[in-house]
Each structure stands twice: as structure tokens, then as C-alpha cells.
Amino acid sequence: MFLKRQVPLAIVFIVGVIMLLSWFIPHEPFANLEIHATQWFDIIASFAMILGALNLLKLQGRKVIRRQKGWFYSLAAVLGFFLTLTFGFFFKGGYYLEVKDVGPNAPYFNQRVSEITHTEVDAVERAFTKIGEGKPINRNFYTHGGVLKLYNELSSKGAVVEIKQLPWGSHLQERGTFYSWIFYSIFTPLTSTMFALLAFFVASASYRAFKIRNLEATILLAAGIIIMIGRVPLGAYLTGWLPSWLQWLHLPRLQEWIYQYPNAAGARAIMIGIGLGIVGTSLRVILGIEKSFMGEK
Amino acid sequence: MYTDVFGAWVAVFLTLAIFSYLYKDNPFYKLAEHVYVGVSAAHWATIAFWNQVRPNLFGRLWPHADPETLTGFNVFWYKLYKGLNWISDTVFPENGIPGNQEQSFMYLIALILGIFMLMRLFPSIGWISRWSLAYVVGMAAGLRLYGYLSSDVLSQIQGTILPVWTGNLGDSINNIVLIVGVVSGLFYFFFSVEHTGVFGKISRVGIYFLMITFGASFGFAVMGRISLLIGRLKDLIQFSGREYGYATFVLLIIMVVTILMTSRKDKEVAE
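Residue numbers (our numbering), protein chains in the order written: chain A, 5 to 301; chain B, 4 to 274.
I should point out that these hints are in silico values taken from the structure, not numbers from a laboratory.
Don't take every hint at face value.
Pulled from the structure, derived: some chain B residues nowhere near chain A, Cβ distances all over 10 Å [to be verified]: (1) PHE79; (2) SER135; (3) VAL156; (4) ILE257; (5) LYS270.
Label pairs and their computed distance ranges (CB to CB) [as the list claims (entries may be wrong)]: (6) B/GLY248 / A/ASP105: 16 to 26 Å; (7) A/ASP126 / B/LEU87: 15 to 25 Å; (8) B/ILE240 / A/HIS122: 13 to 23 Å; (9) B/PRO126 / A/ASN142: 23 to 33 Å; (10) A/LEU37 / B/GLY248: 50 to 60 Å; (11) B/PHE223 / A/LYS134: 43 to 53 Å; (12) B/LYS204 / A/VAL21: 38 to 48 Å; (13) A/SER296 / B/TRP168: 42 to 52 Å; (14) B/GLY170 / A/ASP126: 31 to 41 Å.
Note that this is a predicted model, so its numbers are computed, not measured.
Glycine included, each C-beta is placed from N, C-alpha and C at the ideal position.
Build the full structure now, drawing on both the sequences and the hints.
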């Protein structure tokens with residue numbers, strides 16, 4: 005009981021008080037505490053993300069093994085999970101060529117590199133004028149076979165090139181890696197389509213809000229519509245004919261005013277409310293009054 | 004090139020599968036939804052590992068070091084690292100994690116708390132993850148308490164203390180709008196007093212200001228979603244070309260026919 009209940013409460017109290025003190029004592033040992041403590045926080049949060057992923061695998065995997073209802077879909081989730089993990093940790097891709105010397109056939113080299121990197125020939129020529137110890141061609145290949153083709157082609161024209169591979173870690177950001185393939189062909193389309201679906205549901209929500217017909221709903225919708233129309237060319241077009249003394253009704257102007265003043269006022273009130281709420285809750289947590297994080301009331 | 008074309012087909016299939024939900028819940032949507040769950044869980048775990056755990060945790064415990072220069076405890080310490088290197092030499096390359104981090108054994112505590120967090124997977128010892136959670140909660144509470152007090156409360160109040168007459172009518176009106184909006188909005192959030200009489204009227208004005216804020220947020224949300232929708236439609240148009248094997252048209256026809264056939268079958272079964 006002591007380890008399960010008292011120790012976590014003590015940790016919260018000690019860590020909370022130390023962090024609070026570090027704001028007011030800008031000297032050692034508190035000076036750099038915030039940097040390290042937030043770094044620890046990020047590391048533990050990363051473990052929490054890994055925990056979440058493993059937990060999902062456990063639940064979906066159990067569904068597949070027990071052949072529960074919808075196990076086929078769970079299998080898709082498990083396969084997607086392992087595919088991403090495989091490309092994240094085992095198969096990298098990301099082969100590229102590093103140029104040591106353009107060689108005697110520079111126009112051919114510039115033309116070919118311009119084609120594969122989709123850049124102007126002049127830009128390629130400028131980029132490879134001063135090579136130094138070596139300069140990479142800005143195009144990554146998924147496979148060794150793919151880069152080898154280009155290597156042979158450029159080498160046969162006298163260019164001195166070397167096949168290299170992106171280091172682990174950068175394979176998450178660079179194009180031409182298997183991980184980037186997953187990201188751009190699966191993750192991004194799914195994420196943006198999921199959120200884009202909301203555009204349709206928002207339309208039906210707006211319709212319902214219109215039907216309520218009270219002052220609050222009207223103000224909400226009017227503000228939303230003015231902000232939306234005022235930020236696209238249609239707004240300027242619709243109210244472009246207004247005489248100079250009515251310029252304040254010009255939609256782009258009106259939306260900017262709404263955004264900067266009434267909207268900011270409401271947002272400030274909300275922020276102050278949230279801020280006070282967080283201060284109160286933080287104090288309750290540090291003092292051990294709020295224990296919901298332990299699954300207790 | 005083949006990878007790009009295959010990628011386009013996959014992207015089109017998943018996009019259409021999600022959009023098919025607009026008709027009704029169907030197997031294509033369910034499949035895409037589950038793929039999304041699996042891929043995004045692994046994606047965030049991978050990102051967390053490569054961007055946080057490896058450089059900031061392992062990179063501080065075992066920064067890259069020349070084996071010749073190791074002395075004292077570090078000789079033993081880097082022998083332990085060889086075990087990790089043996090498990091995976093891509094994740095844990097020889098002689099330590101590359102980068103410019105300084106060695107800090109303090110990060111052992113973060114490693115231990117991280118491992119404790121993973122213990123939640125095992126119900127019998129899952130309680131120990133409370134310790135890690137306690138650190139996260141305590142740290143966030145201590146750090147945010149002052150942070151929010153400073154940025155969300157004091158700075159906002161300071162920003163609202165404005166002159167009601169600036170010498171310019173327009174600016175003065177703007178300042179008054181801000182002051183009235185913030186004060187009346189705060190009146191609305193003050194629940195310790197019943198909202199009646201003068202108090203009720205002021206809080207009603209606060210509601211109007213809050214509605215304008217929610218309306219603006221609504222507008223931005225709609226615009227964001229619409230731009231995402233435009234992006235998806237642009238991709239579908241791009242991938243409907245010959246160079247991508249008319250992916251959009253082919254997959255759209257296959258999916259529409261399949262969904263219609265299955266719903267017809269479902270109807271027959273129901274009857």
C-alpha cells in the first residue's frame with residue numbers, strides 16, 4: 005500500500021514543489037533544473053507513447069488470436085503497425101549519390117541531374133561548380149538497385165560518384181526512404197481525409213445551429229461566416245463596391261476587427277479562466293488533494 | 004517510379020475508403036480506419052524513439068566515445084552498451100550514440116521511470132507505472148502552475164488594462180470593446196454568485212463575446228477542414244491521370260460497385 009499509494013503522492017509533492025521553487029530561485033541547483041526536468045518529462049512521455057502502441061498491439065493481437073468479431077480488421081491494424089515499425093527500425097532505403105567530380109561531360113551531367121531532381125539546369129550547374137569534398141545529388145532512392153542504375157549511367161560519362169545511404173534517424177524526415185513512403189502514402193492521406201470528413205459534418209452542424217434561432221447561435225454563426233468569407237477573395241469581391249464612408253463594413257476589414265477585438269476579448273476571458281483553473285488544479289495535485297491520476301477519486 | 008505509382012494507388016484507396024463513410028459505415032471504411040490506428044500508433048512510437056529516447060536518453064547515457072579513451076566506471080558501462088549494440092547495431096551503433104550530448108548519469112532515473120511506465124502492460128506489477136505518472140503529473144503541475152499564472156492570467160490582465168480614451172475615437176472604442184468583453188466574460192465564468200440582476204445582465208454580455216470567440220474558432224476550424232478537403236481532392240485528381248494508371252477512376256468504380264452489392268445483399272438478408 006505504501007509503495008502503491010504514498011510513494012506516488014510523495015513523488016508528485018517533491019517534484020511539484022521543486023519545479024515551483026525553480027521559478028523563484030534562479031541559482032544552482034535550480035538554475036538548469038527546468039531544462040533537464042522537461043527533458044525527462046519528454047522522455048517519459050515518449051515511453052508513454054510506446055506503451056500506448058504496445059497496448060494497442062496487445063488488444064488488437066488478442067482479437068486476432070481469439071478470432072473475435074471483426075478480427076480481420078484488427079489484423080489490418082496489426083499488419084499496419086508492424087509494417088511501419090519495420091520501416092522505422094529495420095529497412096531504411098534512402099540511397100543517394102555523392103558527387104566527387106562532375107567529370108569531362110558536364111552538360112550531360114547537369115541535364116541528367118536536372119531531370120531527376122526536377123530543378124533548372126542552371127541551378128544544377130551552379131550547385132555543382134564548387135563540390136569541395138563531395139556534394140550529394142538531391143534525390144534519394146528506395147533501393148540499392150535504383151541508385152546503382154544512376155551510378156552506372158553517370159560513371160560511364162566520366163563523373164566520379166559514390167553511393168551513400170542516409171543515416172538512421174534522418175530516414176524519418178527525408179523522402180526516398182521506406183518510412184517516408186508509409187508517411188506520405190498511408191499516414192498523411194488517412195490523417196487529412198479523416199479531418200477533411202469533418203468539413204461535411206460541419207455543414208450539417210451549421211444547419212442545425214441555424215435552426216436553433218436564438219441570439220447566441222446567431223452571433224456565433226455571424227462571427228464564423230464573416231471570418232470565413234472575409235478571409236477569402238469572395239469577401240473582398242462581395243463588399244468591394246462599398247463607398248468610402250462604409251469601408252468599415254468591407255468584409256476583410258470587418259473580419260480583422262472581429263478577430264482582433266471582440267474575439268480577442270472572449271479568448272482572453274477564456275484564457276484567464278483556464279489559467280486560474282490550472283493554477284487551482286496544480287495546487288490540488290501537488291498537495292495530494294487531487295488523486296485522479298492514480299485512478300482514485 | 005513503381006514505388007510512387009504503388010504509393011498513389013494506396014493513397015487513393017485509403018482516401019476513398021474514408022470518404023465512403025459519407026454514404027454509410029462499410030467494410031472499406033472499417034479497414035482504412037484500422038490501418039490508420041495501427042500505422043499511427045507505430046508512427047508516433049517510432050518518432051518518439053528516434054527523436055526523444057535515442058538522442059536524449061541513450062545519447063546522454065552512452066554518447067559516442069573512443070574506446071581507447073574510456074576510463075574507470077565507463078569501461079564497464081560501455082561493455083553494457085555492447086549488449087545493446089549486439090541486439091541492434093542500427094539503433095545502437097558501435098561505440099555509442101552519435102551526437103553532441105554530454106554524458107549524464109542523472110538520466111538513468113528517466114530510463115528507470117520510462118521502464119516503469121512500460122510495466123503497465125503487466126497487470127501484476129502495473130502499479131509501479133504510477134511512479135512515472137506521478138513524476139509527469141508533479142512536474143507538469145509545478146511547471147504549469149507558474150507558467151499559466153504568468154502567461155494566461157497576469158499577462159492577459161496586464162494586456163487588458165488599457166486607456167478608455169486614447170485621443171482617437173476608433174482606438175478608444177476598440178479598447179472599450181476589449182475591456183468590456185474580458186470583464187463581462189469573466190463575470191460569466193464566476194459561478195459562485197447566482198447570475199441574476201445586474202450580474203446576470205453583465206454575464207449575458209459576456210456570453211455574446213464568448214459566442215463571437217466560438218464563432219471565430221468555428222470559422223477557422225471550417226476553413227482548415229475545407230483546405231484539407233481541397234488537398235485530398237487535388238491528390239485524387241492528380242492520381243486519376245494516365246501516369247498513375249487512372250488509379251482514382253479504377254478504385255472509385257470498384258469501391259462503388261462493391262459497396263452497392265454488399266448493401267443489396269445486406270438488404271436481402273434483412274428481408
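Hints, one by one, checked against the model:
Consistency note on B/PHE79: stated as away from chain A, and its beta-carbon is indeed over 10 Å from all of that chain's, at 24 Å minimum. In this structure B/SER135 is not separated from chain A by more than 10 Å, as the shortest Cβ-Cβ distance comes to only about 5 Å. Consistency note on B/VAL156: stated as away from chain A, yet its beta-carbon is not over 10 Å from all of that chain's, at 4 Å minimum. With a cut of 10 Å on Cβ distances, B/ILE257 stays outside the contact zone with chain A, its closest approach being about 17 Å.
Against the 10 Å criterion, B/LYS270 stays outside the reach of chain A, whose nearest CB is about 21 Å from its own CB. Range check, B/GLY248 to A/ASP105: Cβ separation about 40 Å, and the 16 to 26 Å hint is violated. At about 48 Å, the CB distance of A/ASP126 to B/LEU87 disagrees with the hint of 15 to 25 Å. Look at B/ILE240 against A/HIS122: about 20 Å separates their beta carbons, and that is inside 13 to 23 Å.
Separated by about 51 Å at the C-beta atoms, B/PRO126 and A/ASN142 break the suggested range of 23 to 33 Å. Distance hint check for A/LEU37 and B/GLY248: the Cβ-Cβ separation is about 58 Å, which falls inside the suggested range of 50 to 60 Å. Between B/PHE223 and A/LYS134 the CB atoms are about 46 Å apart, so this pair conforms to the stated range of 43 to 53 Å. Remark: the range hint 38 to 48 Å for B/LYS204 to A/VAL21 is upheld by a beta-carbon distance near 43 Å.
Separated by about 48 Å at the C-beta atoms, A/SER296 and B/TRP168 satisfy the suggested range of 42 to 52 Å. In this structure the hint that B/GLY170 and A/ASP126 lie 31 to 41 Å apart at CB is violated, the actual value being about 56 Å.
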